[in-house]
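Student: Below are the chains, spelled out letter by letter.
Number of protein chains: 2
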Amino acid sequence: MNSILTGGPDAGAILQAVQRIGPWVNKTPVLTSRTINRMFGAEIFMKCENFQKVGAFKARGATNAVLSLEKSLLQCGVATHSSGNHAQALAWAASLVNARAYIVMPSDSSKIKIAAVKDYGGIITFCEPNLASRETTLARVIGETGATEIHPYNNEQIIAGQATAALEFLEETGTLDILMAPVGGGGLLSGTSLSAHYFYPGTKVIAAEPDQAKDAYLSFTSRSFIPSLHPDTIADGLRTSLGSITFPIILEHVHEIVTVREESIVKAMRFLWERMKIIVEPSSAVPFAAIMEGKIETAGKRIGIILSGGNVDLETLPWMHHE
Amino acid sequence: MNSILTGGPDAGAILQAVQRIGPWVNKTPVLTSRTINRMFGAEIFMKCENFQKVGAFKARGATNAVLSLEKSLLQCGVATHSSGNHAQALAWAASLVNARAYIVMPSDSSKIKIAAVKDYGGIITFCEPNLASRETTLARVIGETGATEIHPYNNEQIIAGQATAALEFLEETGTLDILMAPVGGGGLLSGTSLSAHYFYPGTKVIAAEPDQAKDAYLSFTSRSFIPSLHPDTIADGLRTSLGSITFPIILEHVHEIVTVREESIVKAMRFLWERMKIIVEPSSAVPFAAIMEGKIETAGKRIGIILSGGNVDLETLPWMHHE
Numbered sequence: 013m014n015s016i017l018t019g020g021p022d023a024g025a026i027l028q029a030v031q032r033i034g035p036w037v038n039k040t041p042v043l044t045s046r047t048i049n050r051m052f053g054a055e056i057f058m059k060c061e062n063f064q065k066v067g068a069f070k071a072r073g074a075t076n077a078v079l080s081l082e083k084s085l086l087q088c089g090v091a092t093h094s095s096g097n098h099a100q101a102l103a104w105a106a107s108l109v110n111a112r113a114y115i116v117m118p119s120d121s122s123k124i125k126i127a128a129v130k131d132y133g134g135i136i137t138f139c140e141p142n143l144a145s146r147e148t149t150l151a152r153v154i155g156e157t158g159a160t161e162i163h164p165y166n167n168e169q170i171i172a173g174q175a176t177a178a179l180e181f182l183e184e185t186g187t188l189d190i191l192m193a194p195v196g197g198g199g200l201l202s203g204t205s206l207s208a209h210y211f212y213p214g215t216k217v218i219a220a221e222p223d224q225a226k227d228a229y230l231s232f233t234s235r236s237f238i239p240s241l242h243p244d245t246i247a248d249g250l251r252t253s254l255g256s257i258t259f260p261i262i263l264e265h266v267h268e269i270v271t272v273r274e275e276s277i278v279k280a281m282r283f284l285w286e287r288m289k290i291i292v293e294p295s296s297a298v299p300f301a302a303i304m305e306g307k308i309e310t311a312g313k314r315i316g317i318i319l320s321g322g323n324v325d326l327e328t329l330p331w332m333h334h335e
Numbered sequence: 013m014n015s016i017l018t019g020g021p022d023a024g025a026i027l028q029a030v031q032r033i034g035p036w037v038n039k040t041p042v043l044t045s046r047t048i049n050r051m052f053g054a055e056i057f058m059k060c061e062n063f064q065k066v067g068a069f070k071a072r073g074a075t076n077a078v079l080s081l082e083k084s085l086l087q088c089g090v091a092t093h094s095s096g097n098h099a100q101a102l103a104w105a106a107s108l109v110n111a112r113a114y115i116v117m118p119s120d121s122s123k124i125k126i127a128a129v130k131d132y133g134g135i136i137t138f139c140e141p142n143l144a145s146r147e148t149t150l151a152r153v154i155g156e157t158g159a160t161e162i163h164p165y166n167n168e169q170i171i172a173g174q175a176t177a178a179l180e181f182l183e184e185t186g187t188l189d190i191l192m193a194p195v196g197g198g199g200l201l202s203g204t205s206l207s208a209h210y211f212y213p214g215t216k217v218i219a220a221e222p223d224q225a226k227d228a229y230l231s232f233t234s235r236s237f238i239p240s241l242h243p244d245t246i247a248d249g250l251r252t253s254l255g256s257i258t259f260p261i262i263l264e265h266v267h268e269i270v271t272v273r274e275e276s277i278v279k280a281m282r283f284l285w286e287r288m289k290i291i292v293e294p295s296s297a298v299p300f301a302a303i304m305e306g307k308i309e310t311a312g313k314r315i316g317i318i319l320s321g322g323n324v325d326l327e328t329l330p331w332m333h334h335e
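Top to bottom, those sequences are chains A and B.
Under the numbering used here, the residue at position 124 of the first sequence is numbered 136, and the numbers go up by one with no gaps.
Under the numbering used here, the residue at position 68 of the second sequence is numbered 80, and the numbers go up by one with no gaps.
Honestly, the hints are just simulated from the structure, not real lab data.
Among the clues, some could well be false.
The list treats identical chains as one, so a pair stands whether inside a single copy or across any two.
Pairs of lysine-lysine residues, derived as DSBU-like cross-links and limited to a Cα-Cα distance of at most 35 angstroms, are as follows [stated by the list, open to error]:
(1) LYS216 with LYS130
(2) LYS307 with LYS83
(3) LYS313 with LYS279
(4) LYS279 with LYS83
(5) LYS307 with LYS130
(6) LYS39 with LYS83
(7) LYS279 with LYS39
(8) LYS313 with LYS83
(9) LYS83 with LYS216
(10) LYS216 with LYS123
(11) LYS39 with LYS130
(12) LYS130 with LYS279
(13) LYS279 with LYS125
(14) LYS307 with LYS216
(15) LYS313 with LYS130
Predicted model, so just to flag it, every value in this text is computed and none were measured.
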């Protein structure tokens, strides 16, 4: 199922993912706003993966990965370390086939995310809040259980699953001038760029990333892997480094990566809440922040944005200032 | 255009409203959630008027009323007193045909709502925050300008416009067992009940109202008009009294009015934000609060809810407790 050049999933693997996950995930709506179109002189389409199962596109990849496993492997369960949407997505996807999901979570994970993982039946092992502890704890859990690791992005079936969001989007809108996605580990971005490349090759894929976590931008422009060492961004889904599978796909099929300021992310997020009346998380607002910052040539263009998720702690919002 | 029995708009007036406002307002999406369906053993459909122009169904009625006026009248503009969504809706609708909108607003109206009315080109006159001052100020403005008053709900064209939301909804879902709307002045509710009656007569219309502003419930059950004297509810769109046109329609065509507690409204609102990832205002959450309170027999039923609007001050949310 590999593409010869990049090692990523081929077109057939993405079409198989569409079939495999179709009965389980939502076909999310595409929203538009005449106000926003007028502001930017463009036709802007937003694919609402915030309305996806578990509140994020991650449900697609996790479902594809879990349902791709042989039954003998599924009996031992699946495992990952994650403090974010992948943890919930994997627990949820495993529950669909009554498989166990072992989730290693840092002890400082938000209560809401811990509760959500438990709600989906995930079996949580807590670890210290650093990468070394996450990895050794995961290795131990896998040693004890025989579970199969499902990496949040550096996994062909995860990438093929995430790719279905862009394919579904482009099937609805037709070829776009520009298709935008945020970039963290690159699972969504690499999948998006493959779907555009295989099925709607006239569509340029542009990624957006926080200035304060711009490892993908630096890796892309230098064409050499640069890890995310000290990410300091509100966009909690975008703090990770690219992977050995996602980075080559991105290098080959992504047109450009642009970066945005923190204040623009908050502004864009609030704008989407106020004008579109939808709840998106900070990571989701990063591509629209790039448009608001004028980083993208919008005039006369048909532009798609994948709104990646909507999981936000509603107890406090980033534009609120408490003394 | 009157119905013989009630004095409300007839079927033709509603179909005319559909044609008249079609090019201007949004055909709003209908969302569903398998989680919510499972919780209540029902099929629940939500009509997202929070995604409507100006963020509320009020755009429908205001557009229908403004576009129904003769040109000679339009030249003198339109006028209303409102501190809520009708103010924005009328200013916006008037701007579509370059007519002036004179909006009388209480001096304690929220800054956001004042800014929105100005944004749409409305000409604001401030008054004291009581009904007497609102009415005398409006009378003075109309005396000076010759503008036509567009009442927020006690107006046939307003009712016919609001009725298009239910008609559009039922065209998408087909006949429902129950169709729910919140009730304040009764513009949305009377229109909803007329659309169900004329076009999908198998559909029972049930209204929901805050316990602490239950004048419509009392009026409905006693079959005699009882005004809203001391409404004390977070659902700011539902504090008004029924009107002489809306009340008889409601008496004739609404099946039941149920009431809900304040805490249920906040809980339902938060639930819709968290699970559906959409922003709805407190008034919008009142019908779903009734379902959460168990006031509606849901098992095996197909139930529609009109989510009336999404205009919320995002600086502070009702479930936040600050010291």
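Student: Check LYS130 against LYS279 for me: Cα-Cα at most 35 angstroms, and say if that holds within a copy, between copies, both or neither.
Tutor: For LYS130 and LYS279, the Cα distance is within 35 angstroms both inside one copy (33 angstroms) and across copies (22 angstroms).
Student: Since the copies are identical, ignore which copy is meant and state whether LYS39 and LYS83 lie within 35 angstroms (CA to CA) inside a copy, between copies, both or neither.
Tutor: within (27 angstroms within a copy, 45 angstroms between copies)
Student: When no copy is specified for LYS216 and LYS123, does a C-alpha distance of 35 angstroms or less occur within a copy, between copies, both, or neither?
Tutor: Result: close neither inside a copy nor across copies, 39 angstroms intra and 42 angstroms inter.
Student: How do LYS83 and LYS216 come out at 35 angstroms by Cα distance, when the copy is not named: within, between, both, or neither?
Tutor: neither (39 angstroms within a copy, 48 angstroms between copies)
Student: Taking 35 angstroms as the upper bound on the Cα-Cα distance, should LYS39 and LYS130 be classified as within, between, both, or neither?
Tutor: Within one copy only: 25 angstroms inside, 38 angstroms across.
Student: With identical chains treated as interchangeable, where does the CA-CA distance between LYS216 and LYS130 reach 35 angstroms or less: within a copy, between copies, both, or neither?
Tutor: neither (39 angstroms within a copy, 39 angstroms between copies)
Student: Given identical chains, is LYS313 near LYS279, meaning Cα to Cα at most 35 angstroms, within a copy, between copies, both, or neither?
Tutor: within (23 angstroms within a copy, 42 angstroms between copies)
Student: Within a copy, between copies, both or neither: which one fits LYS279 and LYS83 at a CA-CA cutoff of 35 angstroms?
Tutor: neither (47 angstroms within a copy, 41 angstroms between copies)
Student: Measure nothing new, just compare the shortest in-copy and cross-copy C-alpha distances for LYS313 and LYS130 to 35 angstroms and report within, between, both or neither.
Tutor: between (44 angstroms within a copy, 30 angstroms between copies)
Student: Is it within, between, both or neither when you check LYS279 against LYS39 at 35 angstroms Cα-Cα?
Tutor: Both: 28 angstroms inside a copy, 27 angstroms across copies.
Student: Could you place LYS313 and LYS83 in one of the four classes (within, between, both, neither) given a Cα distance threshold of 35 angstroms?
Tutor: Classified as neither: same-chain Cα gap 47 angstroms, cross-chain 38 angstroms, threshold 35 angstroms.
Student: For LYS279 vs LYS125, is the C-alpha pair at or below 35 angstroms within one copy, between two copies, both, or neither?
Tutor: Result: close both inside a copy and across copies, 24 angstroms intra and 19 angstroms inter.
Violated hints, listed in ascending order, are 1, 2, 4, 8, 9, 10; each of the other numbered hints is respected by the structure.
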